[in-house]
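Starting from the structure of chain A, add chain B where the hints point.
Chains as they are written, first to last, in UniProt numbering: chain A, 1 to 253; chain B, 1 to 630.
All the pointers check out, no bait thrown in.
Covered stretches of chain B (in silico footprint by chain A; criterion: 3 or more residues with CB under 8 Å from a CB of chain A, positions within the stretch not fixed):
| no. | segment |
| --- | --- |
| 1 | 102-110 |
| 2 | 216-229 |
| 3 | 522-536 |
It should be emphasised that the hints constitute simulated quantities derived from the structure, not laboratory data.
A quick note: this is a predicted structure, and the numbers were derived from the prediction, not measured.
Built from N, CA and C at the ideal position, the CB exists for glycine as well.
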Amino acid sequence: MSTRTFRVWRGDAEGGDFAEFDVAVNEGEVVLDVVHRIQAEQAPDLAVRWNCKAGKCGSCSAEVNGMPRLMCMTRMNAFEEREPVTITPLRTFPVVRDLVTDVSFNYEKARQMPQFAPPADLKPGEYRMQQVDVERSQEFRKCIECFLCQNTCHVVRDHEENKPPFSGPRLFIRAAELDMHPLDARDDRREAAQDEQGLGYCNITKCCTEVCPEHIKITDNAIIPMKERVAGDRYDPLVWLGRKIFRKDKKPA
Amino acid sequence: MSDSTTDVERLACDVLVIGAGGAGLRAAVEARLAGKSVIVISKSLFGKAHTVMAEGGAAAAMGNVNANDNWQVHFRDTMRGGKFLNNYRMAEIHAQEAPDRIWELETYGALFDRTADGRISQRNFGGHEYPRLAHVGDRTGLELIRTLQQKLVSLQQDDEAAGEGPDKLQVIDETTITELFVEQGAVKGAFGYRRGTGRFMAVSAPAIVLATGGIGRSFKVTSNSWEYTGDGHALALRAGASLINMEFIQFHPTGMVWPPSVRGILVTESVRGDGGVLKNSEGRRFMFDYIPEVFKAQYADNPEEADRWYTDPDHNRRPPELLPRDEVARAINSEVKAGRGTEHGGVYLDIASRRSAEYIIERLPSMHHQFKELADVDITAEPMEVGPTCHYIMGGVEVDAETAASSVTGLYAAGEVSGGMHGSNRLGGNSLSDLLVFGKRAGEFAAEHAAVTEQPVLSEDEIAAAQADALRPFGSGGENPYELQAALQAVNGRLVGIIRKAEELEEALTELEALRPRIANVAATGGRAYNPGWHLALDLRNMHLCSVATAKAALERDESRGGHTREDAPGMDPAWRRVNLVARLDGEELVLSRQDVPAMTPELLGLFDTSELAKYMTPEEYRSTEAEDA
Numbered sequence: 001m002s003t004r005t006f007r008v009w010r011g012d013a014e015g016g017d018f019a020e021f022d023v024a025v026n027e028g029e030v031v032l033d034v035v036h037r038i039q040a041e042q043a044p045d046l047a048v049r050w051n052c053k054a055g056k057c058g059s060c061s062a063e064v065n066g067m068p069r070l071m072c073m074t075r076m077n078a079f080e081e082r083e084p085v086t087i088t089p090l091r092t093f094p095v096v097r098d099l100v101t102d103v104s105f106n107y108e109k110a111r112q113m114p115q116f117a118p119p120a121d122l123k124p125g126e127y128r129m130q131q132v133d134v135e136r137s138q139e140f141r142k143c144i145e146c147f148l149c150q151n152t153c154h155v156v157r158d159h160e161e162n163k164p165p166f167s168g169p170r171l172f173i174r175a176a177e178l179d180m181h182p183l184d185a186r187d188d189r190r191e192a193a194q195d196e197q198g199l200g201y202c203n204i205t206k207c208c209t210e211v212c213p214e215h216i217k218i219t220d221n222a223i224i225p226m227k228e229r230v231a232g233d234r235y236d237p238l239v240w241l242g243r244k245i246f247r248k249d250k251k252p253a
Numbered sequence: 001m002s003d004s005t006t007d008v009e010r011l012a013c014d015v016l017v018i019g020a021g022g023a024g025l026r027a028a029v030e031a032r033l034a035g036k037s038v039i040v041i042s043k044s045l046f047g048k049a050h051t052v053m054a055e056g057g058a059a060a061a062m063g064n065v066n067a068n069d070n071w072q073v074h075f076r077d078t079m080r081g082g083k084f085l086n087n088y089r090m091a092e093i094h095a096q097e098a099p100d101r102i103w104e105l106e107t108y109g110a111l112f113d114r115t116a117d118g119r120i121s122q123r124n125f126g127g128h129e130y131p132r133l134a135h136v137g138d139r140t141g142l143e144l145i146r147t148l149q150q151k152l153v154s155l156q157q158d159d160e161a162a163g164e165g166p167d168k169l170q171v172i173d174e175t176t177i178t179e180l181f182v183e184q185g186a187v188k189g190a191f192g193y194r195r196g197t198g199r200f201m202a203v204s205a206p207a208i209v210l211a212t213g214g215i216g217r218s219f220k221v222t223s224n225s226w227e228y229t230g231d232g233h234a235l236a237l238r239a240g241a242s243l244i245n246m247e248f249i250q251f252h253p254t255g256m257v258w259p260p261s262v263r264g265i266l267v268t269e270s271v272r273g274d275g276g277v278l279k280n281s282e283g284r285r286f287m288f289d290y291i292p293e294v295f296k297a298q299y300a301d302n303p304e305e306a307d308r309w310y311t312d313p314d315h316n317r318r319p320p321e322l323l324p325r326d327e328v329a330r331a332i333n334s335e336v337k338a339g340r341g342t343e344h345g346g347v348y349l350d351i352a353s354r355r356s357a358e359y360i361i362e363r364l365p366s367m368h369h370q371f372k373e374l375a376d377v378d379i380t381a382e383p384m385e386v387g388p389t390c391h392y393i394m395g396g397v398e399v400d401a402e403t404a405a406s407s408v409t410g411l412y413a414a415g416e417v418s419g420g421m422h423g424s425n426r427l428g429g430n431s432l433s434d435l436l437v438f439g440k441r442a443g444e445f446a447a448e449h450a451a452v453t454e455q456p457v458l459s460e461d462e463i464a465a466a467q468a469d470a471l472r473p474f475g476s477g478g479e480n481p482y483e484l485q486a487a488l489q490a491v492n493g494r495l496v497g498i499i500r501k502a503e504e505l506e507e508a509l510t511e512l513e514a515l516r517p518r519i520a521n522v523a524a525t526g527g528r529a530y531n532p533g534w535h536l537a538l539d540l541r542n543m544h545l546c547s548v549a550t551a552k553a554a555l556e557r558d559e560s561r562g563g564h565t566r567e568d569a570p571g572m573d574p575a576w577r578r579v580n581l582v583a584r585l586d587g588e589e590l591v592l593s594r595q596d597v598p599a600m601t602p603e604l605l606g607l608f609d610t611s612e613l614a615k616y617m618t619p620e621e622y623r624s625t626e627a628e629d630a
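Chain B extracted, bound-state conformation:
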């Protein structure tokens, strides 16, 4: 293949959005509404993004079901869920703006489920004090994607009616970005290939929004699709931006473990919100044994009270099945390790014996349908076998809370690829609202930046270099990409999974180091047109880089918090609560540094009881509120 770049497709726009899930599409809407020309790059077909998998709903304190809810309560729940490691300002903005972002979707045509008085209905979810999740049965993510997809089409139609060219808002599907172009600390464009033809493209853009989602494909048991290879995380690192909190990965507690056709696929938390309970192989409802001290005030310690909560939440504490996800995942893991798991290494999730078939089908239609069709399992008749599955990464690109800007000029990040909002653990329902709130902000500020920045010029040299990189796997004589992917997944699954310890993490880093040259030399066979082996070969280096970032940070943080559990360092350490681990790339090497977690304002600290703050913080940190109370 030649080194000539004459066949590279050349494009230009004001705002380039990489990723067409909820965050990317919401960013694109905002940037276009601000008058900018926008290109959205979608790794798969338009409307297929991983957002469609979100089931439970979008958290927003609209107060439609319980009028006591408001942004302060939502903020409090989010900080608690994240074990106070969150970027408090992101959590604050998120809680304040989520209702507007949901209501806005109705004006785009979304049809949420309704309350009796015709408002948007809201459901209970783990870690949320009040019913808060706007939902559409259990296919809320699909509704979000379809609504935003259709909104983009309507904006394209508006452009057409106004006599604007089609280049004002383009969605380029089945295209992967392999590199960002950077000059003097500012982004200037991106390089990638169209999957269908293998043809390369170079896009000049003064502002780029990363909205590429997560890294879950680096784990063997995962709820994530093939697209989740940490592209945005790795692109940001190579562009000079920093990642924070990469050690925090959420293992969703209830992924299917059997049969293999559905391994890793989620059973929505709504199953537990609507009455489902977890039992071990001895039939014991074991979650009562795992309520941590910090949650004893909110969670029932006996089945009678827990069961009364479903109908009388004001006078009873919540069932412990609705503890934050990290707690439930760890509990299941402990039961299995203690030999009380199912035949296939999970536990039972039982709603069949607790609710009528009609109720289950009405409340959880797509869950019922999915397992019936995919696995021939009838959830109204038998318990499910579930266990933790890699689901979401809290860590990501370090961004400014107000603008979603990274430390690289012109580079923005929103949604799962960004870090800080969820601290050490994300509450269910907070990702759909997160991607709307910060997707909008990223689009808005990217557009603002583009307005004051000249259109960058891409050099033939940098395009040629990116092209040579992308073509390297052809004829490299190296290994099969599928085998290398399996090897990488095995390392992460075995050594960097839900329960970690120092010597295993050191072993992981050694094994990852050994994989590095093998991945650099990965081989692709066949041609460039729609060649999944080549695509995976190019994704592997991103997966590898993210894996190293996670393993290094996990080794460094010798405490247990949220989505990071160290068997050799149990419990939270107040000193670690003040520290974010920041990853940067120095040449080829990933380096870690420590940075202070932003300190909450006295007003926000005042939303919590000092007795609660004392569980997470040192006295000096919450002193200011005590002074006010007195």
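In isolation and in its complexed conformation, chain A is listed as follows:
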């Protein structure tokens, strides 16, 4: 056991500041264990959102020493013994209180996109799909909706003005999931991602992939294929090829 210094942001929409806590830390603990100890022993009204404490529900998202993380999956042995641990609420969303933010942006965006469209000619029990085909979508359904990708994405992180037209990586993988669903009856998922969700704002910096606690390859497996296919469909392939050749021709000159 050792005593560590935690700096926890406390406040609300009006403003706030860091509160410092010296707190006991035991071997094998994670940041959320320590936040709970602060709550139980020093600050009973410290607001923190959590549920499963097992990395499965995606509730305890925060920024730990500046990195967007799940507090339940941030082991204390990742920090130097003397290093203070600083916890702040997610920056992209409005603060409710202390470490809790208002993440309703993400639910509103989910409300706006068309859900799964069942095939008209199949009754329940008649669905047949191959494992290899469902696996592509299953990768995206691993998402625990921690919204760390949404929080990290620079399109909205410091750009409130981009929030209305931009749904963010969480919803791009949802679009990709439905696009790749073997039996989804809609065929406009990619166009909708481009036109309704603001896929075009993404310039593939992969920040979302880096923070995903489920290690979903958001950029490589969802966003890039969606962009490519939109591009492929939007522009006539012969014209595209012509352009490419034309450019090649021009290059040496």
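Leaving out everything else, chain B in the frame of chain A:
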């Protein structure tokens, strides 16, 4: 703070669903499809409910992997698992309807793992005779929640397209219900607060579905999240409904015991279904020593046969690691007590030495990932240290099997908060199917009730009283809620845990009685906006009431059955098999009474060999089948 109720948010709907896990969401879908306006109250954010923690799968006799499976076999397994204390009609409906409820999810967009011919794949699980659990790797619960969450959104979109207002189907998240309003034996609404602002709300509704899950937070070592404070159980009691079987609590045999960051967290039974074995500190695979007489026909008594079963289940008996959960939990407990446990008080669960790393990662991806990330433990390289953790309560609101209705008019219950379906012990995989089957039924019959009932009117007096109750912890001068919670958990863990005896249960009741005034006087500091200390202060009285119900019933039932083991009364007693213990609230006092377990029909009795029935029942009870056999 003022007594005025002018700031209380007023809402009304046809069907109020309290709880947004699998059962609540499935109920909401059904009630909305029946044309009713629905409000779903979610204690946490939408989509975070404890259902996401379910790993193994949803049991449904679709027969996709073994064509011999059918509802009768599933029914039989469920009754065996529950040691014949189940409400047989619930078990029957459950086994019959589970396949339809699973197939339906595919039409909502669920993507289960597949068989080679493209059907939903099914896996083996403890107590199930055939591979039966529809699954998605080991994150089946998440798939269920996400699928139902997305189905609700699609219904909201349908409403919008049809020009309906948004009040037809609302999900109100981060909100806790503290009281139900009842008039002349019928529910009429509920009172609660929004966590974010602390603002109160009163909802008028002629029909209410309780889907609040379990009580596990009252135990120190638990797989349950903070939400599991027995809210629905306590709300039902205070509304006048009865609870049954509260003594039966399932301790999942394999919770992590080390390191502390993951203490209590489950290691899915699939680890054992896919080849993992339990060993004590001497390296002995000890489960062969713990096969009860009633299971000897189905479980292998030697490692050779057990190991052949994984590839040839038709010609070999199952490994004893796959015995029902209560048997495995008791075996682990015995090994530890006999001094053959690990350094941290568990036993070893070893799959690393029995399967390749690639196989483990493919079959148990989220298990592998979870322990690597949470605890720096690599399950492909080293054994896990596991032991029993409080996991599930079989007991709950007494409901009608067909309609999920409680004894209070307009009040329904589904999922873990309801009782009867699982008898004295639940089989793994039966909870996800349970919440779909009875969630649907609760939504359906709640909607039907709402259709013939007038919108109730809530009085200012009852709202003011509920508000005063909720504000009581502020400035009470009492104790810190976290300390009281720890004290409550310590009593349950020490005296009402997996192995019980009369004098310890009496001691528990004395200690719980001593805690009662301290909890009534609990203090909250700070303001009302997102104040977890206040939230816990309000949850504590529910946790306390459920703890008393469990301790009282556990003391009364002097036999051992399923999730209730009495060291001073070992073995099952056929007389107790016919008895349910029913808990009601009489003023402030919790009172117990005895009630007959519903007797199975001759047709259902006929699904079992008389030799098997004789292990559980008195001759008079199974006589009817003998007559038929002859």
